[in-house]
Amino acid sequence: QKEVEQNSGPLSVPEGAIASLNCTYSDRGSQSFFWYRQYSGKSPELIMSIYSNGDKEDGRFTAQLNKASQYVSLLIRDSQPSDSATYLCAGLNSGGYQKVTFGTGTKLQVIP
Amino acid sequence: DVKVTQSSRYLVKRTGEKVFLECVQDMDHENMFWYRQDPGLGLRLIYFSYDVKMKEKGDIPEGYSVSREKKERFSLILESASTNQTSMYLCASSLTGSHGTQYFGPGTRLLVL
Numbered sequence: 026q027k028e029v030e031q032n033s034g035p036l037s038v039p040e041g042a043i044a045s046l047n048c049t050y051s052d053r054g055s056q057s058f059f060w061y062r063q064y065s066g067k068s069p070e071l072i073m074s075i076y077s078n079g080d081k082e083d084g085r086f087t088a089q090l091n092k093a094s095q096y097v098s099l100l101i102r103d104s105q106p107s108d109s110a111t112y113l114c115a116g117l118n119s120g121g122y123q124k125v126t127f128g129t130g131t132k133l134q135v136i137p
Numbered sequence: 013d014v015k016v017t018q019s020s021r022y023l024v025k026r027t028g029e030k031v032f033l034e035c036v037q038d039m040d041h042e043n044m045f046w047y048r049q050d051p052g053l054g055l056r057l058i059y060f061s062y063d064v065k066m067k068e069k070g071d072i073p074e075g076y077s078v079s080r081e082k083k084e085r086f087s088l089i090l091e092s093a094s095t096n097q098t099s100m101y102l103c104a105s106s107l108t109g110s111h112g113t114q115y116f117g118p119g120t121r122l123l124v125l
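First to last, the sequence lines map onto chains L and Y.
The first sequence lines up with residues 26 to 137 when you count with our numbering.
The second sequence lines up with residues 13 to 125 when you count with our numbering.
I should point out that these hints are in silico values taken from the structure, not numbers from a laboratory.
Take these hints with a grain of salt, some might be off.
BS3-like, lysine-lysine: derived pairs with alpha carbons at most 27 Å apart [to be verified]:
{"id": "1", "chain 1": "Y", "residue 1": "Lys-65", "chain 2": "Y", "residue 2": "Lys-30"}
{"id": "2", "chain 1": "L", "residue 1": "Lys-92", "chain 2": "Y", "residue 2": "Lys-30"}
{"id": "3", "chain 1": "Y", "residue 1": "Lys-30", "chain 2": "L", "residue 2": "Lys-67"}
{"id": "4", "chain 1": "Y", "residue 1": "Lys-83", "chain 2": "Y", "residue 2": "Lys-67"}
{"id": "5", "chain 1": "L", "residue 1": "Lys-67", "chain 2": "Y", "residue 2": "Lys-83"}
Chain L residues, not near chain Y, derived (Cβ > 10 Å throughout) [stated by the list, open to error]:
{"id": "6", "residue": "Gly-66"}
{"id": "7", "residue": "Glu-70"}
{"id": "8", "residue": "Ser-94"}
{"id": "9", "residue": "Leu-113"}
{"id": "10", "residue": "Leu-117"}
{"id": "11", "residue": "Lys-124"}
{"id": "12", "residue": "Gly-128"}
{"id": "13", "residue": "Gly-130"}
Quick caveat: nothing in here was measured; it's all calculated off a predicted structure.
We put the CB at the ideal spot given by N, CA and C, even for glycine.
In isolation and in its complexed conformation, chain Y is listed as follows (with noise of 0.2 Å):
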């Protein structure tokens, strides 16, 4: 079974404050993605990962940076955290060649007081 691992369930930050949401997977995916999803806008693609250390913007890349040293683990970085940014982030990986499925993490739910 695949499974995706996401650092926190719950966290709660200050306006401005740098904030790393981690992923991990453990099926040796070469695609990794980050989501942001909030009521009726559904899924939104932040950011993904091809290779180690490659990344390409998503639909929404504005105020996020994200971090890919090793195959297994993507990081999503908020630079300095806005109320804006409250949603919950769900990372995602996919192999190569498996017809694109995504496997998803349980989710972050991100508030920004």
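Only chain L is shown next, with the shape it has when bound in the complex (with noise of 0.2 Å):
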């Protein structure tokens, strides 16, 4: 079974501070991964994609990709209260069709 770990939270920083996200994922023949952010009651909202081992920045969001250690992580620079959210990790399986694994995301609340 390919899993992806998320620490549920909540994770809770103050407005302007840094917020980091982690996940972990099993199956190591995994080559994409990605961050979606849920506000309550919407569906899930890609904001970033990484491939790669190393960082990818995107505004204030940097995704780091550690394949060695089988890590995915999220920063996001200057949060926000609109940050606020659950963010969910996910994972394209290996072995074809497509199929992604996601993880069961973790909280953030921004404090004003």
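Could you fit the two chains together into a complex? Lean on the hints.
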């Protein structure tokens, strides 16, 4: 069973701080990873994808991938109250069919 | 922009009813997926389809069936709705060769009484 593990939180950070969200995955053959943001009662929205080891930056968001450690992280700089949501980590399964395994999500609370 | 739409945002049905949930995507994606999401359990894959008329079981297919007669449309059917099928249902689609990036519809919150 392919797994993606995340701490459920809540992770509380003050406004303006850096929020650090982490996940680990079990499928060593997985090549693509995603971070989705999900507001309460809404559907997941893709915010970052990463396919290579290292960092990928997009605005206030930085995704980090370490395939050797099977570890993915998301940093949110200058956190805003509007960033308060659940963040889902996901990885593309190896073995075909384009299936993705999702973690259960980390709830982030940004305190004004 | 990829657009995935679902037929209803909220639905209330009675136990034993047959329920149809429809999903349509406008980006010519080959792959379409149905998930349900429950508190504490995350997203669980019910069925997926990688081509017209093709379907594969996901992790929790029991009590569900699907239909994909056209590339843009993927339907989820609850043959005889039960209270334990009360959930948020999410449809997603992806393009083969796009690293598996999935785009979600707005979701249907189904309540079975």
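Interface exclusion of Glu-70 of chain L relative to chain Y, criterion Cβ beyond 10 Å: Check fails; 7 Å does not lie beyond 10 Å.
27 Å limit on alpha-carbon distance, applied to hinted pair Lys-83 of chain Y and Lys-67 of chain Y: Holds: Lys-83 of chain Y and Lys-67 of chain Y sit about 12 Å apart, inside 27 Å.
Distance rule for Leu-113 of chain L, whose beta carbon must clear each one in chain Y by more than 10 Å: It is violated; Leu-113 of chain L is separated from chain Y by about 7 Å at its closest Cβ, not greater than 10 Å.
Minimum Cβ distance from Leu-117 of chain L to chain Y greater than 10 Å, as the annotation requires: violated (4 Å)
Pair hint Lys-67 of chain L and Lys-83 of chain Y, alpha-carbon separation not exceeding 27 Å: holds (25 Å)
Claimed clearance of chain Y by Lys-124 of chain L, with the beta carbon kept past 10 Å: Given that some Cβ of chain Y is not farther than 10 Å from that of Lys-124 of chain L, nearest at about 7 Å, it is violated.
Assertion that Gly-128 of chain L lies outside the chain Y interface [Cβ separation over 10 Å]: violated (7 Å)
Assertion that Gly-130 of chain L lies farther than 10 Å from chain Y (Cβ): violated (7 Å)
Given pair status - Lys-30 of chain Y, Lys-65 of chain Y, alpha carbons within 27 Å: With Cα atoms ~21 Å apart, Lys-65 of chain Y and Lys-30 of chain Y stay inside 27 Å; holds.
Exclusion check [Gly-66 of chain L not at the chain Y interface, CB over 10 Å]: Gly-66 of chain L not clear of chain Y: closest Cβ-Cβ about 8 Å, inside 10 Å.
Pair hint Lys-92 of chain L and Lys-30 of chain Y, alpha-carbon separation not exceeding 27 Å: violated (45 Å)
Separation of Ser-94 of chain L from chain Y, once the least beta-carbon distance is taken, above 10 Å: holds (21 Å)
Checked against the numbered hints listed earlier, the structure breaks hints 2, 6, 7, 9, 10, 11, 12, 13; every other hint is satisfied.
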